[in-house]
Structure formats: C-alpha cells, structure tokens
Amino acid sequence: MEKAMNRCLRALPLIVLAGLAGCGSNTATVSGKVTYQGRPVTSGTVIALNPDGTAKSWVILPDSTYMIEGVQKGHVKFGVFSPDPVRATSILKGKKGVAKESADTKAAERAGWFPLPPELGDPEKSGLACDVSTSHVQYDLELK
Amino acid sequence: MFYRNSSIRIADVTDGTSNTLFVGERSSNLAYATWVGSVTGGQVPPKIPDPFSFGPEGAPILILGHTGDSSDVPPHTPNSPVNHVDDFWSYHIQGVNFLMVDGSVRNISDNVNPQIWWALGTRPAGKCLAIPIEVIGL
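Note that the protein sequences, when read in sequence, are chains A and B.
So in our numbering, spot 103 of the first sequence is number 103, and the numbers just go up one at a time.
So in our numbering, spot 36 of the second sequence is number 1036, and the numbers just go up one at a time.
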C-alpha cells in the first residue's frame, strides 16, 4: 500500500508538468508585428477580444512586435491603441509625471510615433481578427 | 462620481446607473493607503518594489481610484500586474468587487474588455472615454 502510494506521489509532479505544458489547454499565445499602412507602430497596446467577450491586452514593443498570452482559442478580434508617447503612462517608459520634460526629451519620445485612427482601437470595428486554433499563433496586425 | 465638492445627481449619469462604478476594492498589494480623507500636500507612495517606477501619487488617491483610459499602456484593468496605487486591486481570484451607482454589487473580471472598463468609469459611456470619473477606493 505504502509502495503504491509512493509511486502515486512520484507521478504527481509529472502530471503537474503536463498541465503547465498546456496539454489540452484552451488558451494560446498570439504574437506578430504591428504596422499601419506599412509603417511600424512602435508603442501602444494591442487588445485581443476573446470569443466569450473577455479580453487580454499587452504592450507593443519598440520593434513593433506584440505578444499576448492566455488568448482563448476560437475567433479572436483585435484592437490597437497608440497614444501619444509623451502623454501615455507606459510600463516601458518608467516614471510618469517626470518633472519638466524638455522639448528635446518630448521630441525623442515621439520619434517614429504617429496617431492611429481611433476606430482601430475597437476590436468590434477594427476589422482585425484571426482564428486561433493552435497554442501559438503568428498574426501580424496590418492596419489600413 | 466623486471629486472635491462633487454635486453629481443621479440624472447626470446618462449611460445608466447600473453601468457606472461607484465604490471599488483596493488592497494593500498596491499601497498602504488608508481612507482618512485627502490630506493637503500628502502623497501615496507605491508599495516597494515599484517594478515600473510609477512613483507616488497625490493625496486624493488616499480615497479615490480610477479606471484610466487608452493612455495607460497596457490598460490598468482590475488586478492587472501593472496597476499602480490609484488603480483597483483585490485578493480575490479573477476579479474585483464594485458597488455600482444603482446600488448593485458586481464582480468585474480581471479579463474585462478594457474598453468596457474605461466606460464603466464614465457617466456618459462612449462619449468621453478619455475623462474617467473617479470612484472611491476601499
């Protein structure tokens, strides 16, 4: 009995690991590049609207890539926001409200940034969507 | 709904009192903020470590919180790991409890669509998402 119990306990970590590896998981990681009319979008947020109406969101990196974990499998809609980097509170920017930013600092922060049409932020109106069926999906957000 | 000398009436909540946040949970995860009133000149430092270097907020944050808007990158939805001292957080799994303006209590999911989250913090949803109305934090 004790032996059987020990065997069971030894098997436990394996079961846990299998769970972590995403066996039969209903979620996926979606990643790709974000461009607007061919120009790279280098800051902002991507929202992934799940089939059940919940959402996941994460940042766009300076190299214009994004990666969102925990997206549900199924038909997922996307929205993209790219607020003015000077006004935005971004985890990539650090401390907000830094005392008296100079004109040079602001210009440097805005370098490469351009405003996006607001409707692209709404996953219901952006027209951006993809079918997520595997655990990692590459989906480039080519905004128009 | 709440700000200094607020005189908001129920009739002013044009998107519906059941769609607007009134009071929400905030836990000591983010800051040791007490509900003592807005002490003039006071500051609310974040709990250390402050991984994103957001720094302290002003005294109103002792009692007020907000949902933010699209200028928060990424959005500061309930229990988000990037939340700051002026955001909402609870120790509950998967959500934060809120009292709505109509008196009902709802659990707002961590996975709420950020656009709905921003709209919940406004009185006229969809009209001025960029101007969140602050609500009292517990």
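What the hints contain is simulated information worked out from the structure, not anything from laboratory work.
There could be a bad hint or two in this list.
To be verified - Heads up, simulated DSS-like pairs for lysine-lysine below, C-alpha to C-alpha not over 30 Å straight-line:
{"hint": "1", "chain 1": "A", "residue 1": "K93", "chain 2": "B", "residue 2": "K1047"}
{"hint": "2", "chain 1": "A", "residue 1": "K33", "chain 2": "A", "residue 2": "K144"}
{"hint": "3", "chain 1": "A", "residue 1": "K73", "chain 2": "A", "residue 2": "K106"}
{"hint": "4", "chain 1": "A", "residue 1": "K106", "chain 2": "B", "residue 2": "K1047"}
{"hint": "5", "chain 1": "A", "residue 1": "K144", "chain 2": "A", "residue 2": "K73"}
{"hint": "6", "chain 1": "A", "residue 1": "K106", "chain 2": "A", "residue 2": "K33"}
Structure versus earlier hints - violations, ascending order: The structure conflicts with hint 3 only, although it agrees with all the remaining ones.
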